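Two independent chains are provided; combine them into the complex using the hints.
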Amino acid sequence: MDETKKTSRRAFLRGSAAVAAGSVAGTAAANGPDPLITELQDWASYTGAGVDETPYGLPIRFEQHVVRRNVEWLTASPISSINFTPIHALDGTITPQGCAFERHHSGAIELAKEDYRLMINGLVDRPLVFTYEDIERFPRENHVYFCECAANTGMEWAGAQLNGAQFTHGMIHNMEYTGVPLRTLLNEAGLGSAGELSDKWVYVEGADASSNGRSIPMEKALDDVLVAFKANGEALRMEHGYPVRLVVPGWEGNMWVKWLRRIEVVDRAVESREETSKYTDVYEDGTARKWTWVMDAKSVITSPSPQMPIPHGAGPLVISGLAWSGHGKITRVDVSKDGGITWQTARLGRQGEAKALTRFYLDTEWDGVPMLLQSRAIDETGYVQPTKAQLREKRGENAVYHNNCIQTWFVNAEGIAENVEVS
Amino acid sequence: MSKSPNLLLPALGFAALAVGVAYGVSTRNYKAEEAALAQLQAERAAEQAAAKAAEVSALEAQIAQVQEVAREEVRLAALSGGTLSEPAPEREGTFGLGREAHPQEIAAWDVDVLPDGRGLPEGSGDVWTGEEVFVDQCAACHGDFAEGVDNWPVLAGGFDTLADEDPVKTVGSYWPYLSTVFDYVHRSMPFGAAGTLTADETYAITAYILYSNDLVDDDFVLSHENFAEVEMYNADGFVVDDRDATEYAEWRAEPCMEDCKDEVEVTMRSVFLVETPPEGGSNSVMNPARDIALPSFTAAGPSFIPEATPQPVETAILATAPAEPEPDQGDALVATGEKLFRQCSTCHEVGPGARNKSGPHLNGLFGRVMGSVDGFRYSGGFETAMEEGKVWDEAELAAFLADPKGYMSGTRMSFRGLKTDEDQAAIAAYLSAASE
Chain A
1 MDETKKTSRR AFLRGSAAVA AGSVAGTAAA NGPDPLITEL QDWASYTGAG
51 VDETPYGLPI RFEQHVVRRN VEWLTASPIS SINFTPIHAL DGTITPQGCA
101 FERHHSGAIE LAKEDYRLMI NGLVDRPLVF TYEDIERFPR ENHVYFCECA
151 ANTGMEWAGA QLNGAQFTHG MIHNMEYTGV PLRTLLNEAG LGSAGELSDK
201 WVYVEGADAS SNGRSIPMEK ALDDVLVAFK ANGEALRMEH GYPVRLVVPG
251 WEGNMWVKWL RRIEVVDRAV ESREETSKYT DVYEDGTARK WTWVMDAKSV
301 ITSPSPQMPI PHGAGPLVIS GLAWSGHGKI TRVDVSKDGG ITWQTARLGR
351 QGEAKALTRF YLDTEWDGVP MLLQSRAIDE TGYVQPTKAQ LREKRGENAV
401 YHNNCIQTWF VNAEGIAENV EVS
Chain B
424 MSKSPNLLLP ALGFAALAVG VAYGVSTRNY KAEEAALAQL QAERAAEQAA
474 AKAAEVSALE AQIAQVQEVA REEVRLAALS GGTLSEPAPE REGTFGLGRE
524 AHPQEIAAWD VDVLPDGRGL PEGSGDVWTG EEVFVDQCAA CHGDFAEGVD
574 NWPVLAGGFD TLADEDPVKT VGSYWPYLST VFDYVHRSMP FGAAGTLTAD
624 ETYAITAYIL YSNDLVDDDF VLSHENFAEV EMYNADGFVV DDRDATEYAE
674 WRAEPCMEDC KDEVEVTMRS VFLVETPPEG GSNSVMNPAR DIALPSFTAA
724 GPSFIPEATP QPVETAILAT APAEPEPDQG DALVATGEKL FRQCSTCHEV
774 GPGARNKSGP HLNGLFGRVM GSVDGFRYSG GFETAMEEGK VWDEAELAAF
824 LADPKGYMSG TRMSFRGLKT DEDQAAIAAY LSAASE
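Chains A and B, in that order, give the protein sequences. If you count the first sequence from 1, position 365 lands on 365 in the numbering used here, and the numbers rise without skipping. Every number in the numbering used here is 423 more than the matching position in the second sequence, counting from 1.
Worth flagging that the hints you see were computed from the coordinates, not collected in a lab. What you are looking at is a predicted structure, and each value in this text was computed from that prediction instead of being measured. Ideal Cβ placement from N, Cα and C applies to all residues, glycine included. There could be a bad hint or two in this list.
[Said to hold, decoys possible] Dumping the calculated DMTMM-like pairs for lysine to aspartate or glutamate here, alpha-carbon to alpha-carbon at most 20 angstroms: (1) A/LYS290 with B/ASP589; (2) A/LYS113 with A/GLU136; (3) A/LYS278 with B/GLU588.
[As the list claims (entries may be wrong)] With the C-beta cut set under 10 angstroms, the calculated list includes, among others, these residues of chain B facing chain A: (4) LYS475; (5) GLU478; (6) ALA524; (7) ALA616; (8) GLU654; (9) ASN657; (10) ARG675; (11) MET691; (12) PHE695; (13) GLY704; (14) GLU761; (15) ARG765.
[To be verified] Label-pair restraints from in silico Cβ distances: (16) A/TRP291 with B/CYS679: 27 to 35 angstroms; (17) B/PRO544 with A/GLY382: 47 to 55 angstroms; (18) B/CYS679 with A/ASP363: 46 to 54 angstroms; (19) A/PRO59 with B/LYS828: 40 to 48 angstroms; (20) B/MET809 with A/GLY233: 55 to 63 angstroms; (21) B/GLU515 with A/GLU393: 49 to 57 angstroms; (22) A/PRO59 with B/ARG791: 39 to 47 angstroms; (23) A/TRP73 with B/GLU681: 48 to 56 angstroms; (24) A/ILE37 with B/GLU681: 45 to 53 angstroms; (25) A/LYS113 with B/GLU483: 48 to 56 angstroms.
One chain only, chain B, in its complex shape (with noise of 0.2 angstroms):
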């Protein structure tokens, strides 16, 4: 074998390492039989790293090929033109990297359901039911009836509009498959809370949209027994991707460079116009000049030359940009506060203008009765406590956030609460700030 240790290195590891503590042993002057069993371990050290040499130079030529291959696959790219990357080296085996996954585990993440079926969980859930724990879990957003609010995804209804203008797509006029319901709700839903609803509950929950949807009676149970019996009304209405026969054999032709066209008519103005304030995000105003013609085109150019119309410039082109304002120390907590109220902003608005959501909105909250707010539709909780005549304070406030359900029952924020003292006061701090 090779004198050299650091040749093997570093495929060798344990063996190598053997080698060069028994030699470096060896050479100094110590008691015969000492370094006889030096000599012992050596030789035995030794053999065992020829046997590991052997695999290694196999592997290595194996290595070596792969990547001769492929630097022969980069150099032809090149010549091509091409800029592709030298592919990473492959294995006959494996690299013996991770670790088994647990039964457990694969059972605690593999929780897909296949449109067959394959991957439900045991359980039922009857509509009623369903009914039930869709007003408490899925109402803020989607709506009693699965009509969804506001911007929120509408579930139930658009039959036979999916060749309108525009189409109406919920669980029962697109979905193709109830797989994807239970599926997603059960994974994905509700939306702040995932992964809380029990198999039961999203049979249940999705009972109740087939039932919004007129697919079923409302004393149907659903359970992973029937499940493959449901019918959805849009299964034939998917054709897998077909770009290549219809689009692609066509616009694959040598395109026209001059003459293409008499003349080119300007047929829509920008319906918004997008101004970008320096604090981010945008504003869409109404284009005032997006019913003012504009110059038809022909190969001698535009038939006319417009006025030009007021346009919002990014301000930023000026160069003079402002200056970051100083943090103040003293709004730390508010400034807490409104970190936290993210969470909230989903279903809240505070601060000028804001409007109730799928919650009410939160200007002026402390000193308020509660469930008093104009055109919000409470609970019967709230309605009982604006009775009352109970008042929201810090403390009310904190009681709330601390535990919801129990502080308000029947209430449909599906919030999860704050827990912390810090937390609560840190809100309360953002919410009298805000609404000032």
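Isolated chain A, as found in the complex (with noise of 0.2 angstroms):
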């Protein structure tokens, strides 16, 4: 928006607003010296900790509220539950293992590298079993992918519910695997005998008493699937699948299956638990959608955000965000401050890859005025994340699953952000 274009309205709202702003730590000068600079600090003075302290670090202690959390009441148990990653305070576009979003339908197993065993069956050649070694042994990829839950979002359907992008969009986490494409695994069993490829599919479950099953067309087997064994450079955590996972990049989480220990070739979708009677969207006239796998574009302005209120007043300030895509690569972000009415064109953070977490900023003025901030994801496909009324108006309010609607933050004049919604 053209910053210069201010009505008289606007330029008053400003005036009584600077008020609320101003008045920041650090920034004393007019008062004297700054005893953090004047004075010698223990720091400055004193040794501090050796090397080995800490054999696996962890976030220095001024940071432990950057975890993931769970919303208690939304499950029955933390055993079959979910939490929420700590986006509000991240930037760049890599998820840190450690504080990655969980989602577990019968908790996290403890699997051992010389216990772990994943069978090949069904319509192959042969039937295999692979240790862990083996699947070190095949030429392996890495890339970046977003792993989105079909659930993130699902809570604001009903409107405006949870006060955080923590809680609103923190069911998705982005890293670097490393891994086997399922396609190699596949070709070492042989797909002679499964014929026709198009209309085969694999079924993929873990080893955890739930298992998890889920189908996934063979075309998407050979594409872009991997059998994963290190996420960020180190083992995956154990309760990311360790010490394997499927990475079924752009689509939904579930399929993401933890602990991986089978690949079945079937001649049709098996229809489990997790693909009818759970990730199917209900429609407003009853009849539900199943299949939905891709997730589709979406976005969200990370900071400032209900979490993260900007502490600084009128001024310099940096909104920041992520979007991400299944279909693709985020091509452009458009930042709204007045709830839709005018966008700007965020500014990329480093170029992700396809189906990856790409960080957006918009470098911008505060005048201390109220904002209504939204962002808005365009894909490679040309796709445009679509407002909430336009996903209701498709499909209603009871689908749970693949909310990408554009979220406002209402920013008052404190720079204290809530989750709203608007007309």
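Written as structure tokens, this is what we have:
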């Protein structure tokens, strides 16, 4: 928006809001010298921690609020539940494993590499069993992909519910995976006896008590699906499927089977619990849509947001957020400060890989006047992230899953943000 | 052939090694016949190596070709702004990794059931047996009549609610295939003891769930033979993803950038504010300001500037986070017990404000008469124990946990128990500490 074009009402509002801004720690020069600079500090005089004090490093204690958090009343038990990535407090695109959201159906299990077995059976030439060591002997690839739970933002179908980007959009993480293409393993077992492949499926399941079986069409299985054993350079965490999980780029997180133990080539979808009774979208007339695997383009402003108020008053402000699309690359993100009346195109951070998170920034000057902040992602197919009204018009409000609506934060003159819904 | 054996490594393996050894041996000053023998061995190895080398160079050429194609793809992708990683090489043949799966291994793991009934084990079960097994194994979470306890899934009813504001999605009202029920129950239930139900028990439970949903009569017997005859209410209730036609076609237009609306109103404020305490988790509290109007917006800005409402602010935004408390060595047993209790916490609460869940709360357990917690519906065994005035102490708890169903016949607790003395002592220590 053209910052010079201000009406008199806006100028008036800016004047009255300016009172609330200002008084920020660290800018006390007018009141005398800053003792943090003029006085010798302990850390500048005494020695610090030695090497190996923490053999595996953890965030410094000042950052210990940046953790996954659950919302207890959402589920019956934490064993079959979900928590949320603190996306509001992160920057860049890579999610550290230690704070990447968890979703378990029967709890996270401890499965040692030496106890790990992966079976490929069904319509293959040779049913095979691999050990963990076998997996590491196949040629491997590295890719960054987002993993988003189909239920991310699901609460918001019913309106503005939970106050925080972590809770509205935190069922997502983005990691660099190291893994073997599923195609390579399927070829090892041989697909000759499967005949025509276009109508075949692979059914994948995990080693945990839920087993969380899902059917994936062969075309996707032979495309970009990975059998991954490392994330962000290190072994997968227990809660993300150690030692081996499936990575299904751009598709709903439930298909990314953890503790992957079996891949079966079948001639139809199995129609398991997780692809019939769950992860299907009920529409207004009571019919439901199934096989809604791709996660459509979506974005959210992570700062400012309810957990990240503007602490500094009027002046230079970095508006920052995340955008992603299961259909490919994010090509553009627009930001609105007035609830969608006017839009500005944001600057993309490092261009993400297809089906990976992209960071965006709008480097702006805040006049201290309340804002209705929104972001809108556009992907390489030209798809434009819809408003909540557009989604509801198509699907009603009972879909539970696949809510990729434009999110709105109301930011008041004090810089405090709140989750709201707008007309 | 090449005189440089390491050119062929590592692909040649054994043959190259043999050449290397033979070459080394033949250069030493041994007796003539040994040298001749070594010479012979070297020649044979060389022949083998030559054959292998031809094979390898053909393979290498093939790999090089694939990689060249891949590199070209990467180069093209990079030119168009992509960051594709170079694909892993593929082989015409196999890598020869892994081993053949044993038929018994496949039988153990491949238990999924397809909608047409393929994969079903032989067996049968009737509704009444199903009710017994269900009450014993499933009712703690799903309720005696499959009506669901607390937040656990409701399995029965909900008919004609799918078009309502809050549809009740049960096996009866929503699930399109009966195979899904059998498959899931057999493989993944009961929660905490998955994979322990026999085929007949699973048929019986499935029959009972059908009965609870008025899909069959009470004399119904379900088996692998009549499985395909059962018709589910919502079999035709699903359509395959059609977003490309219904949504994408419309939402791929160039979006509006200016004057997109005249005015924007805030139609709803956040229902919950979410506190994020330093110890983790979150507390949802009703937003006290949710009924207070916020300004509407035009291109000129907001209609007014509202008063700030108090918000929970993340504790650690204040730079001084509390230091970690020093762990007390004396509490090790309690700590172990706390860890073990996670297995119990699905059904039991202990500590301040503990309530009954699908199991009774455990505050003040030791010294408490068995079966005596108000408002909890006990099984017959515990009711009898209460009438007899039996009291919980550490020894009774240990005996119960060692063999729950053996100790208390008919208990609805589906937990398999804690077998070792150490675990039983730890859980007792934790329960004592936590109820203080």
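Hint-by-hint comparison with the structure:
1. For the hint pairing A/LYS290 with B/ASP589, the CA-to-CA distance comes to about 19 angstroms; that is within 20 angstroms, so the pair holds.
2. For a cut-off of 20 angstroms, the pair hint linking A/LYS113 to A/GLU136 stands: about 11 angstroms separates their Cα positions.
3. Using a Cα cut-off of 20 angstroms, the hinted pair A/LYS278 and B/GLU588 holds, with the two alpha carbons roughly 18 angstroms apart.
4. At its closest, the beta carbon of B/LYS475 sits 20 angstroms from a beta carbon of chain A; the interface hint therefore is violated under the 10 angstroms criterion.
5. For B/GLU478, the suggested interface contact is broken, since its CB lies about 19 angstroms from the closest CB of chain A, more than 10 angstroms.
6. The beta carbon of B/ALA524 comes within 4 angstroms of a beta carbon in chain A, closer than 10 angstroms, and the hint placing it at the interface holds.
7. A least Cβ separation of about 8 angstroms between B/ALA616 and chain A falls short of the 10 angstroms threshold, and the interface hint therefore holds.
8. With its C-beta approaching chain A no nearer than about 15 angstroms, B/GLU654 sits outside the 10 angstroms limit, and its interface hint is violated.
9. With its C-beta approaching chain A no nearer than about 8 angstroms, B/ASN657 sits inside the 10 angstroms limit, and its interface hint holds.
10. For the restraint placing B/ARG675 at the interface with chain A, the shortest Cβ-Cβ distance is roughly 4 angstroms, inside the 10 angstroms limit, so the hint holds.
11. Hint on B/MET691 holds. Least Cβ distance to chain A is approximately 4 angstroms, under the 10 angstroms limit.
12. Given hint, B/PHE695 at the interface with chain A, holds; its Cβ is 5 angstroms from that chain's nearest Cβ, closer than 10 angstroms.
13. At a threshold of 10 angstroms, the smallest CB-CB gap from B/GLY704 to chain A is about 6 angstroms, leaving the interface hint in force.
14. With a least beta-carbon distance of about 14 angstroms to chain A, the hint placing B/GLU761 at the interface is violated under the 10 angstroms criterion.
15. At about 8 angstroms, the closest approach between the beta carbon of B/ARG765 and any beta carbon in chain A falls short of 10 angstroms, and the interface hint on this residue holds.
16. Taking the beta carbon of each, A/TRP291 and B/CYS679 are about 32 angstroms apart, inside 27 to 35 angstroms as hinted.
17. Between B/PRO544 and A/GLY382, the C-beta spacing of about 50 angstroms keeps the proposed range 47 to 55 angstroms intact.
18. Checked against the given bound of 46 to 54 angstroms, the beta carbons of B/CYS679 and A/ASP363, roughly 23 angstroms apart, lie outside it.
19. Our hint of 40 to 48 angstroms for A/PRO59 and B/LYS828 holds, since their Cβ atoms are close to 46 angstroms apart.
20. Distance hint check for B/MET809 and A/GLY233: the Cβ-Cβ separation is about 58 angstroms, which falls inside the suggested range of 55 to 63 angstroms.
21. Taking the beta carbon of each, B/GLU515 and A/GLU393 are about 52 angstroms apart, inside 49 to 57 angstroms as hinted.
22. Checked against the given bound of 39 to 47 angstroms, the beta carbons of A/PRO59 and B/ARG791, roughly 43 angstroms apart, stay inside it.
23. A C-beta distance of roughly 42 angstroms is found between A/TRP73 and B/GLU681, which places it outside the suggested range of 48 to 56 angstroms.
24. Distance hint check: the CB atoms of A/ILE37 and B/GLU681 are about 47 angstroms apart, consistent with the given range 45 to 53 angstroms.
25. The hint said 48 to 56 angstroms for the Cβ distance between A/LYS113 and B/GLU483, and at roughly 32 angstroms that hint is violated.
The structure fails hints 4, 5, 8, 14, 18, 23 and 25 (numbered hints given earlier, in ascending order).
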